[in-house]
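Going down the list, the sequences are from chains U and D.
Its first residue numbered 2, the first sequence is counted upward by one per residue in the working numbering.
Its first residue numbered 2, the second sequence is counted upward by one per residue in the working numbering.
Possibly wrong hints are sitting among the right ones.
It does not matter which identical chain is used: a pair holds within one copy or between any two.
Listed next, the in silico PhoX-like pairs over lysine-lysine satisfying Cα-Cα at most 20 angstroms (straight line) [what the hints assert, rightly or not]:
hint, residue 1, residue 2
1, 226, 328
2, 301, 97
3, 85, 301
4, 26, 16
5, 301, 260
6, 85, 295
7, 128, 97
8, 132, 301
9, 145, 328
In short, the hints are calculated from the structure, not lab data.
There are 2 protein chains.
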Amino acid sequence: MPAKYTHVDFADHVKRVVEEIVVKKGLDALIVASPPNIFYLVGSDAPSAVVLFSDSSVRTLSSRLEYTRALDEARLGEHFVFSKSEDVCEYENIVKGDFYEALASLVKGSREGRLGAAGFSPEALRKLEEKVGGGVADVTADFKLVRRSKDPSEIAAIRAAVHVAERALAKALGNLERGVTEAEIAAIIASEIIKSGAELAFPPIVAFGEHAAHPHAKPGLRRLKDGDLVKIDLGARVEGYCSDITRTVAFGKAGENEKRVFNAVLRAQEEALALLKAGVEAREAHMRAYEVLKSEGLSKYFNHGLGHGVGVEIHEDPSLNAESQAKLVHGDVVTVEPGVYVHRVGGVRIEDMALVLEGRAELLTSFPKRLEV
Amino acid sequence: MPAKYTHVDFADHVKRVVEEIVVKKGLDALIVASPPNIFYLVGSDAPSAVVLFSDSSVRTLSSRLEYTRALDEARLGEHFVFSKSEDVCEYENIVKGDFYEALASLVKGSREGRLGAAGFSPEALRKLEEKVGGGVADVTADFKLVRRSKDPSEIAAIRAAVHVAERALAKALGNLERGVTEAEIAAIIASEIIKSGAELAFPPIVAFGEHAAHPHAKPGLRRLKDGDLVKIDLGARVEGYCSDITRTVAFGKAGENEKRVFNAVLRAQEEALALLKAGVEAREAHMRAYEVLKSEGLSKYFNHGLGHGVGVEIHEDPSLNAESQAKLVHGDVVTVEPGVYVHRVGGVRIEDMALVLEGRAELLTSFPKRLEV
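In isolation and in its complexed conformation, chain U is listed as follows (with noise of 0.2 angstroms):
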């Protein structure tokens, strides 16, 4: 771990989310779900759902399955159980009932009008109206919003897991030789962050030669050959927050058109990277990254969205692609990955991870990226 990583200030999220929604919204009760909400909050994703109220106080509601585990991780919040069984152990916090009848028991009290959800799909909200017996409003988009400015605990902790993913790829990298699979590269990836205490914050991509032009190639029996490209995009989580980095290696001399294809790529990622800071369009530097390819007649190969947002989850907002609507805002932190795939030939991708500030972005990752190594 880098020597300032320090834990992720949850409480800080519940407090922005109480001033930006809550209070905002006039509402009595937010009512969270989905675990990469949840783990924003409290810092464990073993809760069903968690409760925000107007005065600032949390409770988390837990199935019986995970209940000991949201009391062990939870860094805040008071905690409750719901179980229909009444063979249950003699837990404090017991509310009778299912998901739905527990959820509107811990909000009792809340006035007609005055209660919110965000992270519920629409059949699950309509469940929760009825049992609160009362419209409630879906702030899921504000929630989002408030997810994407990181802070400064939270950068901290995707530097972990940058610095994770980082060993592990030098690793990877290191063991490339004549005969060796993708599946042995992948495997010495998964071993190097899941022993490091973090977790794989995808299944690692390796693919050798004619599989990189898959941008989602599975690592498979694929023997390394003299001149292959060598695609390896991997991500760790540490304290639930994601890394994602991607590079392409010649193994070997590349050819002319192997360094021009990369060459190309690099272009367009550094100057897509160029442009990030707050204010600008996402579709902006996605059409900065297109340009710059089609300048060079590899657009058409240029198949997937410049970029992602990173956070809890691997993939969130905003998107980088030529339909997004977002706008970049100081503390997104995103990847920039263009790439170019050609079908039974190869492919490149360059990816890194930055964060946006005002005025300017700050790259998160920083192994090199040289075709030859």
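Dock chain D against chain U, hints included.
Below, chain D without anything else, positioned relative to chain U:
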């Protein structure tokens, strides 16, 4: 891989779905979404949808991002790609528009009221209906039922996934030594599974001592001490099919209480397993395990359902729990995994997989169940 492992017969899945759903419901076409359903039909989760027609023809529809992977991975079907952009590679089967517009093009000519869909969320189904200009029957439940009865080729894939998991489990247990961390053991498991070319069916659970009290503990930096219980839950995915197995062992000599709990959980598991056969209520198997644990005064610590179906998904139908309405069918593959969890003390879970047959069930897992190793 065990010698008898052969490839999954996806064409037979298409045939079954056409016979059981398309023909029986009088549909012209069935539009299937969600990665596990898509994988079940064509052997790749790259497409965004698969369309089955009443003449048994199959079309897949992919995003540009995933199209070449669909071309390379899918075992059957005619493959289409949707794109709103004009700047696309010279693929043969480009359908102009977004996902829903492209689906509407693919099923053009189907008669009003003769379209079905499986695996769509209610919102997605509404969007689909808007683009096709009429009602679409939701046959998601029928599709799930077809997927439950595993055929011999699927059983073979699951056996291969069990083999990979049991080998990783043996290696994990062989590496238990004083001072090793949960994360180090989890890394060994992940490495073993991934380097074989399989995927992780889920992140392995390795929990020492008091951490084993959490059914879904996450491996951390807790070090192994003499007398700790060690709970390990792991699974592999081979050719898209999952395995799932849990063992609990004592590191060093087990205490009398650990032995009593272990033996109660084992007896609960064995009695539940002995009940399994086609036609039995899933709830009945759960209640048998519950009653065994109740007779030992341990039922309040059994805080989850007895088990779940396993196949393309690590958790699929049927659920075996106190509220299950399902009856077991021939070809169901289910876990049987009672557990006893005592907060701040520890936990014991023993999990095997069984294939449900007429009149009996067959264990698919064969790893020894011994507290002291």
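Tested hints:
no., hint, verdict
1, 226 <-> 328, "neither (43 angstroms within a copy, 52 angstroms between copies)"
2, 301 <-> 97, "between (57 angstroms within a copy, 15 angstroms between copies)"
3, 85 <-> 301, "between (56 angstroms within a copy, 13 angstroms between copies)"
4, 26 <-> 16, "within (15 angstroms within a copy, 54 angstroms between copies)"
5, 301 <-> 260, "within (18 angstroms within a copy, 64 angstroms between copies)"
6, 85 <-> 295, "between (60 angstroms within a copy, 17 angstroms between copies)"
7, 128 <-> 97, "within (17 angstroms within a copy, 38 angstroms between copies)"
8, 132 <-> 301, "neither (51 angstroms within a copy, 27 angstroms between copies)"
9, 145 <-> 328, "within (14 angstroms within a copy, 41 angstroms between copies)"
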